[in-house]
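A.B. asks: Below, each chain spelled out in residue letters.
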Amino acid sequence: MSAVAAREMHRFRAGGREFAYLVPSAAIFALDETATAILDRLDGKSVAADALLRDLKELFPEDDVRESLAELGRVQAVGPARVALPMAGAKALPSQPFPLTTLVLNVTNQCNLSCTYCYEYGEDKIVDTKQGAQPKFMTEETARASVDFMLKESGANKVAHLTFFGGETLLNFPVLKSTVAYAKARGEELGKLVDFSLTTNATLLRPEVLDFLLENDVGITISMDGPKEVQDRFRIFPGGAGSYDVILPKVKELLRRHRGRPVGARVTLTSAGLDIRAIYRHLTEEVGFHEVGFAPVTTSPQREHALGEGGFDAMLEQFRELALEFRDAALEDRPHGFSNVKDTIAEIHKGVAKAWPCGAGLGLMGVATDGEVALCHRFAGSAEHSLGTVRDGIDRDRQAAFLDAHHIAEKTDCQRCWARPLCAGGCYHEAYTRYGTTQRPNLHYCEWIRGWTHTCLEIYGELSEKNPRFLTRSFGGGQA
Amino acid sequence: MKHLRAVNRKADLIEHVTGGGRAEEADARSDPAAGDVVALADPPQQPQGPWVPLGCSFVFFPGWEVDKSGGTAGLCQPVERDLFDCHIGCFWPAQVPDQLNHAPDWTGKCAAAQKDWRKIDLIFP
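Going down the list, the protein sequences come from chains A and B.
Read in our numbering, the first sequence has 33 at position 33, and its numbers run on one by one without any break.
Read in our numbering, the second sequence has 584 at position 104, and its numbers run on one by one without any break.
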């Protein structure tokens, strides 16, 4: 009988049970004792199948071991031991034209705040927004052309998502307003639903703006970093004054009046505020946000606001604590607004295995103020990362070349990492800021990504044991 | 399955498909509205040809008529391509470091030899 070996996987234990996360399929199987014993013996080495049977004879009936081995083989958790040749992942590009799901309009590249860490204005900016060739505000005509572009490129999709972004989005409220009306009318003509959302720093949430956003069910995300001392460290007006006191009453008014979609806060984590649980408590309990999502600042490592060497460890530990709070809430069917853990668990539940880290250049694109189409909003206005214009359409050759060059199979460093189905190398913009190229995987994040993914897998495993209905109710699907 | 339980939806899909079902059925069962992300779900497997032990040259000496799996798709190639096949699976004497004791991570940066062979480290004893 021939030798067998375990295929690539990540094992974890949760809720008193053993699990295997298979790579690259991203399937998760719960293991019984026999399957666990087999995989334990195949950890890091190949074993002749008859030796394995002999070894396990005392512990389990031979038929059980054979059957278990066959099942592991069936889902490709084990296979015939051959020489483990390093193999590039298969590179299948999606069929073109790939439908556009989300279009992000940078309606302005101007901002009334001057947050030190901003990737659009700060020291790490890639487009000159002050003296550059881009107009400061998107015209109504360009915005309409963008809507037409989006509806055309959305292909057979019934829903198109339009996101307004900036700069500070609300500085161009007149165009935003007319664009919403135009997109609704055009969508109706074509039998498509257009879904709106925006991100704002909340300084300009005047009553009439709020009325409009609530009336039109525009999803709202507020960029806010936490309590006053954290918020006012980097999120400042050009004169240096902090923005907390200006936005707090406006945000509270929004949260009081809003009845539709949950309003989320989007926190940029910097060297100033790493007490994540305190930030979360403040934003949910004191301010009243329904959801809070955190992202470490995108920056070169030498900046003042950059998270230092120990910063990522501290962040992971606190993410973990907050994620365990989410788990406890989920076990009792209570809501919890830590959106990072929800997003990751949604992907784990689905079994997402990514060939690209995100939808940029694929299902999502950004539009600069002049109508140039970029990979995503973070690259809007950068000629190097342009994919066409809203008037002339997508440059398919450029898009195909981009997708080809950024496929996970091209990322050598990722080939040995079990977390690649979910991470796929991470944010292009982060990589560009850190390494000067979108093609490099974000190696400075690896440990943290693996740690975080492992935590989320454990939580997922425990929920699947103790409250599986929570998972199907929150993330869809029916368990067999 | 008796010893494994499909936990997430991808696992469900795999169980269904490997049990003789069709992907669409499993997908429809789990959620008709959700499109699945399958980019890496099913990388093309090496065809299960006749398993010829000891590499490319065991049966048809000297070995460039047939590859190690019995077909003709992987015949002898330039050295950067065949480095792995030659020194592991074949008797052909490719000079490589001792990977058991001395240089276990010798090919750590080389995921695809055709492309990454420049990244293979020089080893000094």
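Treat each hint with caution, since some may be false.
Only some residues are given here: those of chain B computed to face chain A with a beta carbon under 10 Å [claimed, not checked]: (1) Leu484; (2) Ala486; (3) Phe604.
Pairs of lysine-lysine, PhoX-like flavour, derived with a Cα cap of 25 Å [unchecked claim]: (4) A:Lys45 / A:Lys57; (5) A:Lys228 / A:Lys252; (6) A:Lys152 / A:Lys177; (7) A:Lys158 / A:Lys354; (8) B:Lys599 / B:Lys589; (9) A:Lys342 / A:Lys354; (10) A:Lys45 / B:Lys589; (11) A:Lys466 / B:Lys482; (12) A:Lys184 / A:Lys158; (13) A:Lys177 / A:Lys228; (14) A:Lys342 / A:Lys177; (15) A:Lys136 / A:Lys125; (16) A:Lys125 / A:Lys152; (17) A:Lys177 / A:Lys136; (18) A:Lys91 / A:Lys466; (19) B:Lys482 / A:Lys57; (20) A:Lys91 / B:Lys482; (21) A:Lys177 / A:Lys125; (22) A:Lys91 / B:Lys595; (23) A:Lys252 / A:Lys177; (24) A:Lys354 / B:Lys595; (25) A:Lys354 / B:Lys589; (26) A:Lys158 / A:Lys192; (27) B:Lys599 / A:Lys91.
Everything labelled a hint here was simulated from the structure, so no lab data went into it.
As the structure is a computational prediction, the values presented were derived from the model and not from experiment.
Cβ coordinates follow ideal geometry from the N, Cα and C atoms, glycine included.
A.B. asks: So, for every hint listed, does it hold in this structure?
C.D. replies: Tested hints:
no. : hint                : verdict
1   : Leu484              : 4 Å, holds
2   : Ala486              : 6 Å, holds
3   : Phe604              : 22 Å, violated
4   : A:Lys45 / A:Lys57   : 20 Å, holds
5   : A:Lys228 / A:Lys252 : 15 Å, holds
6   : A:Lys152 / A:Lys177 : 21 Å, holds
7   : A:Lys158 / A:Lys354 : 24 Å, holds
8   : B:Lys599 / B:Lys589 : 6 Å, holds
9   : A:Lys342 / A:Lys354 : 18 Å, holds
10  : A:Lys45 / B:Lys589  : 21 Å, holds
11  : A:Lys466 / B:Lys482 : 20 Å, holds
12  : A:Lys184 / A:Lys158 : 13 Å, holds
13  : A:Lys177 / A:Lys228 : 31 Å, violated
14  : A:Lys342 / A:Lys177 : 31 Å, violated
15  : A:Lys136 / A:Lys125 : 16 Å, holds
16  : A:Lys125 / A:Lys152 : 31 Å, violated
17  : A:Lys177 / A:Lys136 : 18 Å, holds
18  : A:Lys91 / A:Lys466  : 38 Å, violated
19  : B:Lys482 / A:Lys57  : 19 Å, holds
20  : A:Lys91 / B:Lys482  : 34 Å, violated
21  : A:Lys177 / A:Lys125 : 28 Å, violated
22  : A:Lys91 / B:Lys595  : 14 Å, holds
23  : A:Lys252 / A:Lys177 : 23 Å, holds
24  : A:Lys354 / B:Lys595 : 21 Å, holds
25  : A:Lys354 / B:Lys589 : 21 Å, holds
26  : A:Lys158 / A:Lys192 : 5 Å, holds
27  : B:Lys599 / A:Lys91  : 21 Å, holds
In this structure, the hints that do not hold are numbers 3, 13, 14, 16, 18, 20, 21, in rising order.
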